[in-house]
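Enquirer: Listed below, chain by chain, are the residues.
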Amino acid sequence: MRTTITSVQLARFVSHGYLRMDAVVPDEMNQEALDLLPKGLPDVPYGTPVANAYPEGSFPRRLVELPAVAGALRALVGPDPHVDHHAVHVREPHEGHAQPLHGDAIIDVRPDAFDVQLMYYPQRVSPDMGGTLVVPGSHLRRTNESDTGRYQNLRGQTRLVCPAGTVLLLHHGIWHGGRRNDSDLPRYMFKIRFNPTTPQVRLWDTADMADPAVAAELSRYFPWYEQATARLEIYNRVLLWRALTGDPSFDVEHWVTRVTNRPADRSHA
Amino acid sequence: MTLRQQVLVLYLSTSALDSHVVGWSRYDGTGNSQPTTGDSDEPPYPDGVAALRDGWRLIQASQLLPPQVGAEYGTSFLKHEFFFEKLA
Numbered sequence: 001m002r003t004t005i006t007s008v009q010l011a012r013f014v015s016h017g018y019l020r021m022d023a024v025v026p027d028e029m030n031q032e033a034l035d036l037l038p039k040g041l042p043d044v045p046y047g048t049p050v051a052n053a054y055p056e057g058s059f060p061r062r063l064v065e066l067p068a069v070a071g072a073l074r075a076l077v078g079p080d081p082h083v084d085h086h087a088v089h090v091r092e093p094h095e096g097h098a099q100p101l102h103g104d105a106i107i108d109v110r111p112d113a114f115d116v117q118l119m120y121y122p123q124r125v126s127p128d129m130g131g132t133l134v135v136p137g138s139h140l141r142r143t144n145e146s147d148t149g150r151y152q153n154l155r156g157q158t159r160l161v162c163p164a165g166t167v168l169l170l171h172h173g174i175w176h177g178g179r180r181n182d183s184d185l186p187r188y189m190f191k192i193r194f195n196p197t198t199p200q201v202r203l204w205d206t207a208d209m210a211d212p213a214v215a216a217e218l219s220r221y222f223p224w225y226e227q228a229t230a231r232l233e234i235y236n237r238v239l240l241w242r243a244l245t246g247d248p249s250f251d252v253e254h255w256v257t258r259v260t261n262r263p264a265d266r267s268h269a
Numbered sequence: 001m002t003l004r005q006q007v008l009v010l011y012l013s014t015s016a017l018d019s020h021v022v023g024w025s026r027y028d029g030t031g032n033s034q035p036t037t038g039d040s041d042e043p044p045y046p047d048g049v050a051a052l053r054d055g056w057r058l059i060q061a062s063q064l065l066p067p068q069v070g071a072e073y074g075t076s077f078l079k080h081e082f083f084f085e086k087l088a
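Listed in order, the protein sequences are those of chains A and B. 1 is the number of the first residue of the first sequence in the working numbering; add one for each residue after it. 1 is the number of the first residue of the second sequence in the working numbering; add one for each residue after it.
Any given hint could be a false lead.
Said to hold, decoys possible - Have a look at the derived ranges for each label pair, beta carbon to beta carbon:
| id | chain 1 | residue 1 | chain 2 | residue 2 | range |
| --- | --- | --- | --- | --- | --- |
| 1 | B | Thr14 | A | Gly149 | 16 to 26 Å |
| 2 | A | Arg258 | B | Gly55 | 44 to 54 Å |
| 3 | B | Arg4 | A | Thr257 | 47 to 57 Å |
Keep in mind that the hints were calculated from the coordinates and are not lab data. The beta-carbon is built from N, C-alpha and C at its ideal position, and this holds for glycine as well.
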């Protein structure tokens with residue numbers, strides 16, 4: 001599977017921490033999922049190759065082989081990722097509470113690798129159905145799981161409302177949570193976490209690497225960032241972009257270059 | 001009548017109380033409301049001083065701590081956290 005993800009789209013993933021693809025799963029598969037997911041799916045052992053985790057023809061295999069999904073996964077985690085684990089998440093109608101804001105698993109500060117979490121929504125999610133809360137640009141913050149639970153709302157947060165068949169692909173560190181479902185319907189989401197097995201360097205269509213929109217995406221400020229910390233967010237994005245491109249000279253507004261400038265000691269004797 | 005505490009937490013853009021709100025949380029000891037994660041997109045006040053003007057009492061502000069040596073560029077929790085209360 002070749003990828004159609006461009007450098008600008010990849011830069012958007014690095015700034016936001018996720019890619020969103022609306023209604024990329026066809027209706028017949030969504031209907032199949034709504035029959036399948038309430039019954040649950042058998043677990044797979046941690047770290048199983050996709051082909052072993054999901055037999056050909058199975059629903060998850062067909063989901064990850066949809067061209068839009070497969071192409072985006074190829075760009076983010078490479079050709080042969082392993083399935084870390086999967087889970088069916090349900091927000092029950094009128095359950096009365098939301099999940100605390102959290103990052104999945106444990107604190108994970110790898111500077112040159114990341115896992116991707118696929119979140120698939122088989123039904124239309126309306127504003128009152130408790131669509132996932134996602135905080136754009138939170139993925140590089142060094143926090144552990146639900147220690148962020150005190151934060152109820154952040155400016156610029158995304159309360160997911162989407163058509164059926166929508167897929168999100170998220171960096172492992174993104175702050176998110178299932179919101180309170182105030183509707184009469186259960187709200188389903190199927191999640192698969194992928195581990196890369198190859199270095200995540202230039203896995204996308206790099207033809208537009210020099211497009212000014214790349215730097216513009218990496219320079220993006222989000223409304224919830226504090227004034228000073230926003231600059232550190234861009235500094236850390238530059239480091240991630242350098243790792244993903246293999247280009248140690250890339251910078252945005254001289255943020256990294258300036259503070260790493262250490263002129264060699266030269267004797268004038 | 002027993003007075004109960006309502007708590008408002010504002011996260012501000014800088015360490016100044018009159019800087020703008022970037023995040024907010026509420027807890028209601030009266031039981032009259034059930035604030036929770038992701039329940040609003042607009043903050044209750046534009047900045048910390050606006051909360052004071054509306055009768056909230058500031059009870060705690062986060063300290064200004066220098067970054068740990070070697071971790072100056074790391075980002076983590078929101079730095080500028082202000083706790084307010086009202087008794088109702």
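Enquirer: Looking back at the hints listed earlier, which ones does the structure fail to meet?
Expert: Hint check: nothing fails, all pass.
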